[in-house]
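*Asks:* So you can see what is in the structure, the chains are spelled out below.
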Amino acid sequence: MAFIKVENLIFDYIKTDEGGAPVATRAIEGVSFVVEKGSFTAVIGQNGSGKSTLAKNLNGLLIPTTGKVWIDGLDTSVQENVWNVRQKVAMVFQNPDNQIVSAIVEDDVAFGPENLGIDPAEIRERVDRALDGVEMGDYKDKAPHLLSGGQKQRIAIAGAVAMEPECIVFDEPTAMLDPRGRREVLAIARDLNRKGMTVVFITHFMEEAACADHVIVMDGGRIRMEGTPHEIFRREDELKALNLDVPAPVKLASLLRKEGVALPEDILTEEELVCALLEVRAG
Amino acid sequence: MPSSLHSGDDDTTKKMIRDITLGQYYLGNSVIHKLDPRVKIMAALLYIVALFVVKEFTGFIAAVVFLEMVIIISKVPRRYIWRGLKPVLIIIAFTLAVNLFMIKGEVLWQFGILHITREGVRTAAFMGIRLVLLIIGSSMLTLTTRPIGLTDGIEALLSPFKKIGLPAHELAMMMTIALRFIPTLLEETDKIIKAQQARGADFESGNIFRRAKALVPILVPLFISAFRIAQELAMAMEARCYGGNVKRTRMNAMKFARRDLIAVVIFCVFLALIVLQRVLL
Numbered sequence: 000m001a002f003i004k005v006e007n008l009i010f011d012y013i014k015t016d017e018g019g020a021p022v023a024t025r026a027i028e029g030v031s032f033v034v035e036k037g038s039f040t041a042v043i044g045q046n047g048s049g050k051s052t053l054a055k056n057l058n059g060l061l062i063p064t065t066g067k068v069w070i071d072g073l074d075t076s077v078q079e080n081v082w083n084v085r086q087k088v089a090m091v092f093q094n095p096d097n098q099i100v101s102a103i104v105e106d107d108v109a110f111g112p113e114n115l116g117i118d119p120a121e122i123r124e125r126v127d128r129a130l131d132g133v134e135m136g137d138y139k140d141k142a143p144h145l146l147s148g149g150q151k152q153r154i155a156i157a158g159a160v161a162m163e164p165e166c167i168v169f170d171e172p173t174a175m176l177d178p179r180g181r182r183e184v185l186a187i188a189r190d191l192n193r194k195g196m197t198v199v200f201i202t203h204f205m206e207e208a209a210c211a212d213h214v215i216v217m218d219g220g221r222i223r224m225e226g227t228p229h230e231i232f233r234r235e236d237e238l239k240a241l242n243l244d245v246p247a248p249v250k251l252a253s254l255l256r257k258e259g260v261a262l263p264e265d266i267l268t269e270e271e272l273v274c275a276l277l278e279v280r281a282g
Numbered sequence: 000m001p002s003s004l005h006s007g008d009d010d011t012t013k014k015m016i017r018d019i020t021l022g023q024y025y026l027g028n029s030v031i032h033k034l035d036p037r038v039k040i041m042a043a044l045l046y047i048v049a050l051f052v053v054k055e056f057t058g059f060i061a062a063v064v065f066l067e068m069v070i071i072i073s074k075v076p077r078r079y080i081w082r083g084l085k086p087v088l089i090i091i092a093f094t095l096a097v098n099l100f101m102i103k104g105e106v107l108w109q110f111g112i113l114h115i116t117r118e119g120v121r122t123a124a125f126m127g128i129r130l131v132l133l134i135i136g137s138s139m140l141t142l143t144t145r146p147i148g149l150t151d152g153i154e155a156l157l158s159p160f161k162k163i164g165l166p167a168h169e170l171a172m173m174m175t176i177a178l179r180f181i182p183t184l185l186e187e188t189d190k191i192i193k194a195q196q197a198r199g200a201d202f203e204s205g206n207i208f209r210r211a212k213a214l215v216p217i218l219v220p221l222f223i224s225a226f227r228i229a230q231e232l233a234m235a236m237e238a239r240c241y242g243g244n245v246k247r248t249r250m251n252a253m254k255f256a257r258r259d260l261i262a263v264v265i266f267c268v269f270l271a272l273i274v275l276q277r278v279l280l
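One line per chain: the protein sequences are A and B, in this order. Throughout the first sequence, residue numbering follows numbering that gives the first Met the number 0, covering 0 to 282 in sequence. Throughout the second sequence, residue numbering follows numbering that gives the first Met the number 0, covering 0 to 280 in sequence.
Chain A with its partners taken away, still in its complex shape (with noise of 0.2 Å):
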């Protein structure tokens, strides 16, 4: 079942100019596609490739200039759903110290509820059970701005879990962190998607769109490339006119296929390069 239904998706930035008048400027360029209920979907594109306008459409933040986008069958563009389609779809954001608004980690876990008008006490509940799925419940009492960067984001997502959401937005959420505050966000994104969360994952790494069941590769505002991401990564030349890369396992898989290795063309992750060297080595 369809989850999110984009149609025709434009999208325009009104600018004023020093004269006053609107300049109008192109970011999503007629982009439509699903996004099945409990799957893993990747956004991947360069910078300016409107993925991240495209994410802010999603969840009513930006209202398409034509074209619809439908949240579990609600229309964004109408007003009165706008409250239900956040509630729906969360999103977490690219900087981790931007989108924390209270100086005390359960607090701010709480916000998100706290503007649902819960109640207290199954306020409370979620945040410990949000901040125990991210594996932050020794730090809720603790201040943002003295956690690691990764720790932050795990704030972030839990503070969009405790909001009891269908799905979750990740707007490039490893952009700024180390490569193991990126390992740990990406863990539980999938760890969530496993739990049933349908997850929309925005990255310009192509190591985390391998872990995805379903890519969009976007560029210059429109979709260029759909599929699994085996379809999408087995498409080298394709990417790399695009400016992308494909992830390094999917690389020397292909370099040592050219000097003669015989290696399937399924490889995607570093096991499965692995496992298939070893049969390789033992056939």
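Keep in mind that the hints were calculated from the coordinates and are not lab data.
With a cut-off of at most 25 Å between alpha-carbon atoms, the simulated DSS-like pairs for lysine-lysine come out as follows:
#1 K33(B) <-> K141(A)
#2 K254(B) <-> K74(B)
#3 K190(B) <-> K141(A)
#4 K74(B) <-> K141(A)
#5 K239(A) <-> K250(A)
#6 K190(B) <-> K212(B)
#7 K139(A) <-> K33(B)
#8 K161(B) <-> K246(B)
#9 K36(A) <-> K194(A)
#10 K74(B) <-> K139(A)
#11 K254(B) <-> K139(A)
#12 K141(A) <-> K254(B)
Model the placement of chain B on the given structure of chain A, informed by the hints.
*Replies:* Structure of chain B alone, referenced to chain A:
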């Protein structure tokens, strides 16, 4: 600049950042910590008023005993209290000096135009005690109340004025965010200073005007980044369904419990003592 100096700078900034938030609130679990923030805020305000009601030294006995009681029950270490007092020592010293030398009366000691009078000594001591009690009293409030408790308390206490158009919730939210972003903006400032220094900016030499002018290349990027942060934060808050105070609930809803009633009774006894000594003595 040698690299050792840089790391030294780094440490002081980090320490400063830590002190700013943690210096205010001392994490604890005492009865004082658990009291309703509204009770604590009102008590702190009335305590300050009471200090100005006192006219004789004897009146301070009750004030000192009460404060000492609060400190002992709260289990806040004395060095935290001392740390709050330290930055205002200069002001206290200045007040003492002014009172000591300026007040006319029976001269005890004279040197040129400087003279100390009996009344001067008395007033200086009186003002000194009042100031110290005032500062410790108000820092006990911030030491034992979480920032969010403080803002919630202020919001609740101001909400009667909503009828005359006072945006109580918005003010409280602004305070919450300001508290949260002080360390972030400090870090940002530090980053900008380093970036400008790396490009040869000089903040340390020249007279005061030159130095003030040298701050412009720090302030302009700082303002720009403050606006950018504000914009991102606003977006993140909207994404988390923030829409002002409509139907909003609180995780730690303030409850006026039995312990609050006991605290109020004790505080009233203290106030009564202060008023009595003023009337009787």
